[in-house]
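Engineer: Sequence:
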Amino acid sequence: MKNEKNEINIGLLGYGVVGSGVATILHNHQDDLRHKLGVPVSIKKVLVKNLDKKRNGVIPKEMFTTSLEEVLNDPEIDLIIEVTGGSSEAIRRALEAGKGVVTANKDVMAESGPELLKLADENKCDLLYEASVGGGIPLIRTLEDGLASDRITALTGIVNGTTNFILTKMKHENKTYEDALAEATELGFAEADPSADVDGIDAARKMVILASLSFSTEVHLDDVFVRGMKEIADGDLQLAEQFGYTIKMTGSAKKDEEGIEVAVEPVFVPNSHPLATVNNEFNAVYVYSDSVGETMFYGPGAGSLPTATSVTGDVVAACRNILLGVNGKRMHAPQFERKVKSDDQKHARYIHRITVRDEVGVLTELTSIYSHHKASLATVVQDSDLHEEGADLIFITHKISRQQHLDILADLKDTPAVIDISSHYRVEGE
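Under full-length UniProt numbering, think of the first position of the sequence shown as 1, with each following residue one higher.
Quick caveat, the hints were computed from the structure, so don't treat them as lab data.
We put the CB at the ideal spot given by N, CA and C, even for glycine.
Treat each hint with caution, since some may be false.
As the list claims (entries may be wrong) - Okay, derived cross-link-like pairs now, DSS-like style, lysine-lysine, Cα gap no bigger than 25 Å in a straight line:
#1 K399 <-> K413
#2 K5 <-> K124
#3 K36 <-> K124
As the list claims (entries may be wrong) - Label-pair restraints from in silico Cβ distances:
#4 H29 <-> G325: 18 to 26 Å
#5 E70 <-> K329: 23 to 31 Å
#6 K61 <-> H29: 17 to 25 Å
#7 K61 <-> P270: 51 to 59 Å
Please model the entire structure based on the sequences and the hints provided.
Structural biologist: Laid out in structure tokens, this is it:
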């Protein structure tokens, strides 16, 4: 039944980079919002940690509070925007109080999403989370609504702007990892502690959200294979270029009759693939589906106003549902049982860069290891530049299982002629 409300009041939890951006957009776009919804949308209270902190923005000082209860217990507040980046407690309590929630909190949605979405259903209110992945890219809504009638079979993409910025600087400006990271930090693309980004944890959380939504099944953080960008060795970017590839830190998810596989790792992307041209702090996600085929979504993956725009888009959707009396009507229960592939069910091409002793018979010895594990080789190249202690051999396989890949690496490490396995990568997009 349509709700005859004259206005919609919002409680904003958090007034940092994103929160202040949301407040600015809501303030500056009042005429547009009133036109779209028919009623004004106003922030009534803002939760902060410190009332004495000097803040610039559009929110009057008297609207700030340090009391979560004051926000949640206000009967005039219809909707909560959570942009604190904290735990799930505030979201949980808001839903239990019957207030819809818009959040940008990828950590909470990755770890507690199914539980919170069920709670939203039980309390007949919305929980929207567009800004949790991809910053300003309207990705969640496209997967949930735009491609609702299609069947998504795979998606792969660059979902962390920090690592993409670092790799861009390393490739195009020949910067070291340390120098590129320092520049990313100075520009605000990296946190003071960048480990969640460079170790792949941030991207893994986003891939949990995307895979769960795309495949209509529960995906846990422990299901994601994660390998950070710190393992990119000296010379690997040049090696990729030599063979027509670009190294990108990607997240990927696939689903077939055997189950799902989700991974975050640095991979070799063919230069002909659209993801190879995504540079700096930008994000892009490439989606494969049965009916539409291949589509790519590209845009700024972070920043105050891009992320705040996604939050505000969810606010408009939630407000419209409130006014129409259909909030809490979305179906969030997974359609399919969780089924995760084992390593011997995951197949891809791999590239191995191996430093060996420059001795007669070494190449034959190593190729016999691949043959023993029934791995077919597409390319074998010996690097002409000899190290003091040996030479580099580069092997590129045809498709093999991840288990074959791991078994080959284990046998190579035990081979006396092998000095070091300098690097190894999955080849993406082929």
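Engineer: Give a verdict on every hint.
Structural biologist: Now for the hints, and whether the structure bears them out:
For the given pair, K399 sits about 21 Å from K413 by alpha-carbon distance, which is consistent with the 25 Å threshold. For the given pair, K5 sits about 18 Å from K124 by alpha-carbon distance, which is consistent with the 25 Å threshold. A threshold of 25 Å between alpha carbons decides the hint, and for K36 with K124 the separation of about 23 Å falls inside it, so the pair holds. A beta carbon spacing of about 24 Å between H29 and G325 agrees with the range 18 to 26 Å that was offered as a hint.
For the hinted restraint 23 to 31 Å between E70 and K329, the CB-CB distance of approximately 29 Å keeps it satisfied. Checking the proposed 17 to 25 Å range against K61 and H29 shows it holds: the Cβ atoms sit about 23 Å from each other. Checked against the given bound of 51 to 59 Å, the beta carbons of K61 and P270, roughly 55 Å apart, stay inside it.
Hint compliance for this structure: no hint is broken.
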